[in-house]
Amino acid sequence: MKQRLDRRDFLKLAGLGGAVFVAGCADMGAMSSARALDDFYFVQLSDTHWGFEGPPNPDAAVTLKKAVAAVNALTKPPDFIVFTGDLTHTTDDPSERRKRMTEFKAIVADLKVGDIHFMPGEHDASLDNGQAFKEFFGETHYSFDHKGVHFIVVDNVSDPAARIGDEQLAWMEADLKRQPNDARIVVFTHRPLFDLAPKWDWATRDGDRAIELLMPYPNVTVFYGHIHQENHHMTGHIAHHSAKSLIFALPAPNSQPNRTPLAWDPAQPYKGLGFREVTANVPRAEFAITEMPVVKA
Amino acid sequence: MNRAGKRRRAVLGASTSVIALGLAGGYAVAQSPRVIKVRARKFEYNPKVIEIKKGESVILELTTDDVFMGFNVPDLHVRADIVPGKISQLHLNLQQEGRIDFLCDIFCGDKHEEMQGYLMVS
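Here the protein sequences come in this chain order: A and B.
Every letter in the first sequence is one number past the one before it in the numbering used here, and letter 10, counting from 1, is 10.
Every letter in the second sequence is one number past the one before it in the numbering used here, and letter 34, counting from 1, is 34.
Isolated chain B (complex conformation) (with noise of 0.2 Å):
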C-alpha cells in the first residue's frame, strides 16, 4: 500500500460515504473543496478525465443514472459504490501530478471492461 493509502480514513454516513485522503504532513481536510459532479451510467463516466491542481482538496460527487456501479482508484487504494438514488463521495487532495486510472469495479453488462477514466493532476 502506497502512502497515500496508509492514511486514507473513512467517514460513512447513513447515505453517503466519505473516504477522504491526507497527505504530505497528516491527515488534513481542506475548508471549501471544490466539488466535481461525476455521473455513471452503463458503460462510461462523465466526466471521465478529472482534471485536479495538485494540492487541491475536491471531493467527487459520484451518482449513477441506471444501475449500481463501482468507482475504483486502485494507486490511492480508495474505491467507493455508487447506488442508484444515493451520493457517494471521495475526498481528494493528491500531492503528485500525474495521470491516475479509475474503473468501474462492479459488474455492470457487456461493456463493463470499458468503463473507466482517470485522475488528470497538474
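Looking at chain A on its own, in the form it has when it is part of the complex (with noise of 0.2 Å):
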C-alpha cells in the first residue's frame, strides 16, 4: 500500500497491513501535567447499513454478525467503539426504520466492549431528521473526553442538505473554547467536511466552517465514513481519514462516472471491507491507524 503525502511528517506508512502513522506536531512540554497521558486505542466501525440487500454484498445479513466476532477477538480489548454513520440502510417507511435499527442494537449488543459511541448518517436520519436515531440512540452531536483526548461528534447528516448548521456550529464553537490551545482534538463525523467529491455528494455544503472553528487548534484529527474506503487527505494542518465500510465498497472519488457500489468478488468475499484499530498517542498527538478485515484469509 502505497500512498502520497501531503506532508513529510504526515503519514508513516508500515508494513503490508494497512497501518499508517499520524505524525503530529506536539509541543510535548506544554502538554498539561495534570492530563491523563496513558497511550490507548479505540475502534472505528463505519457504514454497516443494516438492512441493505443486493448483489453488491450478498452476504449482508451477516456481515456485521462477522465483524462484531472479529472485535470480540482482539487480543486486547479497545477502550472504545465507535460507529460513524449510516447503521441502517434507508427507508421511507418509519416502522421498518426503527426495525432495522431495533435488529442493528440487538447485534452489536454482543460486542464485548460496553463504550459505544454512536452517531448518524445520511441512510438513519436524513429522512426523519434524526427523529429514530434519537430514540434508540441518543443526540445526534456530542463530546466526551477520554485519557487526555476531546472528541466532538459532528452531524452534517440530519439536515438532508447535508449541513451541519448554525445552531450545532454555535454548540461546537462554545465546546472548542473550553479547550486549551493544546488540546488533543479528535472529530467524528459520517461526511467528509472538506469538498472530496462533490459530484457524488461526498461534501458537507458548510463543512468549510466546522475546519475554520477547529483550526486554531494544532492537534486535529477527524474520522469519517461515507465513502466506504479508505481516503486521507489533509486541509492546513488538520487530517482526515474516512472508513472502510461493513457492507460494500465503493470506487475511488471521481474515478468513474457514477458513484456504483464495486462488484461482490465470490473468490475475495468482504474484498475492500474492513473497520479500524486507531491507537492513541496523547503526548505526540499521534494516531496509528490499523485497518482490519471482517474476517482473517
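Keep in mind the hints are simulated off the structure, nothing from the lab.
For glycine and all other residues, C-beta sits at the position ideal for the given N, C-alpha and C.
One or more hints might be untrue.
[Claimed, not checked] Derived coverage of chain B by chain A (criterion: at least 3 residues anywhere in the stretch with Cβ under 8 Å from a Cβ of chain A; other residues may be distant): (1) 65-74; (2) 113-122.
[As the list claims (entries may be wrong)] For the chain B half of the interface with chain A, some residues (derived, Cβ under 10 Å), not all of them: (3) Lys42; (4) Asp81; (5) Arg99; (6) Asp101; (7) Phe102; (8) Leu103; (9) Cys104; (10) Asp105; (11) Ile106; (12) Phe107; (13) Gly109.
Assemble the dimeric complex from its two separately framed chains, guided by the hints.
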C-alpha cells in the first residue's frame, strides 16, 4: 500500500497490514501535567447499512455479525468503539427504519466492549431529521473526553441538505472554546467535512465552517465514513481519515462517472470491507491506524 | 471557484429562484432564453441528459413530482432547491463545450445516490 503524502511528517506507512502512523507536531512540554497521558486505542466501524439487500453484498445478513465477532476476538479489547454513521440502510417506512435500528442494536449488543459511541449517517437520519436515531441512540452531536483527548461528534446528516447548521456550529464553537490551545482533538463525523467529491455528494455544505473553527487548534484529527473506503487528506494541518464500510466498497473519488458499488467478488468475499484500530499516543498527538479485515484470510 | 462561479448572481423571488450565469464578457441575460422543463421524482430527472448549445441562453425550469429535491451543478458552483408545488429556475449561458454533471444534493431515499444527470454542451 503506497500513498502520495501531502506533508512529509504526516503519514508513515508501516508494512502490508495497512497501518498508518499519523505524526503530529505536538510540543510535549506544553502538555498539562494534570492530563492523563496513557496510550489507548479505539475501534472505528462504519457504514454497516443494516437492512441492505443486493448483489454488492450477498452476505449482508451476516457481515455485521462477523465484524462483531472479529472485534470481540481482538487480543486486547479497545477502550471504546465508535460507529461513524449509516448504521442502517435507509427506508421510506418509519416502522421499518425502527425495525432495522432494533435489529442493529441487538447485534452490536454482543460486542464485549460496553463503551460504544454512535452517530448517524444520512441513511439513518436524513429522512426524519434524526428522529428515529435519537429514539434508539441518543443525541446526534455531542462531545466527550477520554484519557487526554477531546472527542467531538459532528452531525452533518440530520439535515438532508448535508449541513451542520448554525445551531450546531455555535455549539461546536462554544465546546472548542473550553479547550486549551494544545488540546488533543478528534472529530468523528459521517460525511467528509471538506469537498472530497461534490459531484458524488461527498461533501458537507457548510463543512468549511467547521474546519475554520478547528483551525486554531494545532492537534486535530478527523475520522469519518460515508465513502466506503480509506481516504487520507489534509486541510492545512488537519488530517481527515475515512473508513472502510461493512457492507460494500465504493470506487475511488471521481474515478468513474457514477458512484456505483464495486462488485462483490466471490473469490475474495469481504474484499474492500473492514474496520480499523486507532491507537492514540496522546503526548505526541499521534494516531496510528491499523486496517482490519472482516474475516482473516 | 471557476470563472463561471465567480460571476454567478442570484435573483430570488417569492416562489421561484433564479441563478443567472454571465460568462465571456460579463453578466448578461439573453432576451429570449429557451426554457427547458426538468422534472424530478424519486430517483431520477427527466430529462437526465440536457442538451444545450454553446453560448445559448437557457432557463431550466425545475419541478418535483414528489419530495423536496436538489439540483446541484458542482462544476458551475450553482444549485437550486426543488420544492414540491413550486418552480425553481436556473439560468445558464455556457461558453464551453462538454459534459457537466448535475446531481440531487438533498437526500431523498434509497436510490438517492443514483439521482444524477448531465448537461451536454455542444
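Structure-based check of all given hints:
1. Here the region 65-74 of chain B counts 4 residues with a CB under 8 Å from a CB of chain A, which clears the bar of 3, and the coverage holds.
2. Only residues whose beta carbon comes within less than 8 Å of a beta carbon in chain A count, and the region 113-122 of chain B has 3; three or more means the coverage holds.
3. Taking 10 Å as the C-beta contact cut-off toward chain A, the hint placing Lys42 (chain B) at the interface holds, the least distance being around 9 Å.
4. Of the supplied interface hints, the one on Asp81 (chain B) holds, with its beta-carbon coming within about 8 Å of a beta-carbon of chain A, less than 10 Å.
5. The restraint placing Arg99 (chain B) at the interface with chain A holds, with a minimum CB-CB distance near 9 Å, inside the 10 Å limit.
6. Because the beta carbon of Asp101 (chain B) sits about 5 Å from the nearest beta carbon in chain A, less than 10 Å, this interface hint is met.
7. Given the 10 Å rule on beta carbons, the hint for Phe102 (chain B) holds: about 9 Å separates it from the nearest Cβ of chain A.
8. For Leu103 (chain B), the shortest C-beta to C-beta distance to chain A is roughly 6 Å, which falls under 10 Å, so the interface hint holds.
9. Of the supplied interface hints, the one on Cys104 (chain B) holds, with its beta-carbon coming within about 8 Å of a beta-carbon of chain A, less than 10 Å.
10. With a cut of 10 Å, the hint placing Asp105 (chain B) at the interface with chain A holds, because the nearest CB-to-CB distance is about 6 Å.
11. Interface hint status for Ile106 (chain B): upheld, as the beta-carbon distance to the closest one in chain A is roughly 5 Å, under 10 Å.
12. Among the interface hints, the one on Phe107 (chain B) holds; its C-beta lies about 4 Å from the nearest C-beta in chain A, closer than the 10 Å criterion.
13. Taking 10 Å as the C-beta cut-off, the interface hint given for Gly109 (chain B) holds, the closest approach to chain A being about 6 Å.
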